[in-house]
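Chemist: Chain by chain, the residues run as shown.
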Amino acid sequence: MSDTKYTEDHEYIRVEGNQGTVGITDYAQGQLGDVVFVDVPEVGAKFSKGDEVAVVESVKAASEIYAPVSGTVVAVNESLADEPGLVNSDPVVNGWFFKIEIDDAGELEGLLDENAYKAHID
Amino acid sequence: MAGAESQDLLQTPLHDTHIAWGGRMVGFAGYAMPVQYKGIVDEHNHTRNQASLFDVSHMGQVAVKGADHDTTARALESLMPGDLVGLKPGEMRYTLLLNDNGGIEDDLIVTRPSEAGTDGTLLIVFNAGRKDHDVSILREKLGDKLEIETYFDSKALLALQGPKAKDVLSRYCDLPQKLSFMNAAAATIDGIDVYVSRAGYTGEDGFELSVANENAAKLAESLVSNDEVEPAGLGARDSLRLEAGLCLYGHDMDDQRDPISAGLIFAIGKGRRVEGGFPGASKIQKLIADGVAEKRVGILFEGRMPVREGADIVDENGTPIGKVTSGTFGPTIGSPVAFAYVPAEKAKIGTELTAIVRGKPAKGTVTKLPFTPANYVRL
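Just so you know, the sequences run in chain order A and B. Under my numbering, the first residue of the first sequence is numbered 1, with each subsequent residue one higher. Under my numbering, the first residue of the second sequence is numbered 1, with each subsequent residue one higher.
A few of these clues could be false.
Once the Cα atoms are required to be at most 35 Å apart in a straight line, the calculated DSBU-like pairs of lysine-lysine come out as [stated by the list, open to error]:
1) B:K270 to B:K283
2) B:K270 to B:K141
3) B:K363 to A:K99
4) A:K49 to B:K166
5) A:K99 to B:K38
6) B:K360 to A:K49
7) B:K368 to B:K38
8) B:K363 to A:K46
9) B:K283 to B:K218
10) B:K166 to B:K155
11) A:K118 to B:K38
12) B:K323 to A:K46
13) B:K166 to B:K38
14) A:K49 to B:K38
15) A:K49 to B:K323
16) B:K38 to B:K155
17) B:K360 to A:K46
18) A:K99 to B:K360
Cβ pair distances, simulated, as ranges [to be verified]:
19) B:E214 to A:E78: 54 to 60 Å
20) B:F28 to A:V43: 38 to 44 Å
21) B:G291 to A:E78: 43 to 49 Å
22) B:I288 to A:G44: 52 to 58 Å
23) A:D122 to B:L300: 38 to 44 Å
24) B:K270 to A:V43: 58 to 64 Å
It should be emphasised that the hints constitute simulated quantities derived from the structure, not laboratory data. From the three backbone atoms N, C-alpha and C, an ideal C-beta is built for every residue, glycine too.
With the hints as constraints, model all of the structure from the sequences given.
Modeler: Written as structure tokens, this is what we have:
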């Protein structure tokens, strides 16, 4: 059973147990255009909600990715090193950035659910 | 990811066409311009492989007129170091508008038209962000000698760029068989009067088409109706010019930067390097004779991480020794590419350099420019 939440900055976090998988939404990848590089965090790094945790780069610009919740990075998507285009072609399943061990599940309550996110991007 | 704040922006005559083509509009130099349509990488690659149409109507088209070619060219040469007197009818030349310190006020192209009745007229294209400033300099310094006419609100400029540009334009006129790189001539395309130059900002063969505003959309739509042609935006224009080794004003040089360290000595006529007679001449002649402290270089980086404007170049101790002025991931070359200013002793081809991006080192090598081969056509 997983539950996906969204930030107003277009990150998603797919929650399973006390772990979350973080990436950017399909809307966000469309806005960014062709992703050429993703600067992912190191496994073991700790972040507070709202910290800059990764950077996604298109030809045109670099965009910061913020931690949707506080926690510790437990995995990063190694496939992005060779195939950053996964963020465009498959942002939700194979184009994720990192997995985070969630410190406080209560922080998820402040995020957008799918309907609220859809309203946000309309 | 801010959207286009289009309220106070000027629009080119192609504005509605861009919207119809799905252009994503952004503010650039005071104009609403398409940064991309389908995507920057697609548009970049299409330009290298086929042909793309760019709207560059924001650039500043100007005509200056004097009694005869010699009078007009000599007047401009008092502000610009290019050999303009030596321009033959139909030829174009890249040169610079300089200040008294030898700093670059703008880079530009001067064309001497060949058509009947144009003797004494030179056409100039300035950068969008500098055109008002440049014209005020021309009026102040040369207003008593030359008639200066701007076409900022009356003429559009389209750039058809890529290896198929000549095939496409050949369907309308015979200029692709007649015009060599950096030459220009008048033509009629679909019944529209167009001034065609074989030039561009992509490193590919291509043409720039100056056309009256009221005919611009019709001309653009006709060109894009060719199978080989797709519209392309400013994003691709930037990655193409970077791979082609071409400077962007305000980034790779500015009014504090001299042409020699910028690697633009080719914009100074050979005779004029000796004779001078342009603003900052003595300073620039001294730089030519004694060498410069730092130079603009091209750097090709390992990996995929783009190294962008503002990144420091550091020595082995991590001390900053230079700065990146333009950089991106080069879609054709498949690597990050950048221009940077570095100490002259670090500017030799093959020198290994390190840039710092978000605290991480990016290793690169000084690389001969252009990064991708220039495909200009000289007949």
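Chemist: Please name the hints from earlier in the document that this structure breaks, with their numbers sorted from lowest to highest.
Modeler: Of the numbered hints, 4, 9 do not hold.
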